[in-house]
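Engineer: Make the full structure from the sequences, and use the hints.
Those letters in the sequence shown? Residues 1 to 71, per the numbering used here, in order.
For the record, the hints were derived by calculation from the structure and aren't laboratory data. Computed from a prediction, not measured in an experiment: that's the story for all the values here. Zero decoy hints are in this set.
Taking CB as the label site, the calculated pair distances span: (1) I51 with Y11: 29 to 39 Å; (2) I63 with N23: 13 to 23 Å; (3) I51 with Q18: 20 to 30 Å; (4) I34 with T57: 29 to 39 Å; (5) T3 with D54: 35 to 45 Å; (6) S2 with D32: 16 to 26 Å; (7) I51 with R10: 40 to 50 Å; (8) L58 with D4: 27 to 37 Å; (9) I51 with K9: 38 to 48 Å; (10) D54 with K9: 38 to 48 Å.
Glycine residues also receive a C-beta, built at the ideal position from the N, C-alpha and C atoms.
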Amino acid sequence: RSTDTAGGKRYTLAILKQLEQGNGEAQSAARDLIDDLSPSLIIVVGIGGGIPSDDYTLGDVVIATRVNDYS
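Structural biologist: If you want it as structure tokens, here you go:
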């Protein structure tokens, strides 16, 4: 899929849906995407877990500074 920006640039987008959960599967998909398309940017979107807090609630967007792999 392609999209145009307000500045007139055109970007090509590739969207991938993972069928399986897990870090290994995500890493394999990212590697295959890089090998096939040589993207300049990859954005990973998913569901994460955390400790409940009064600082955020359902629907808030939280950006991690670190990802720990406990698998």
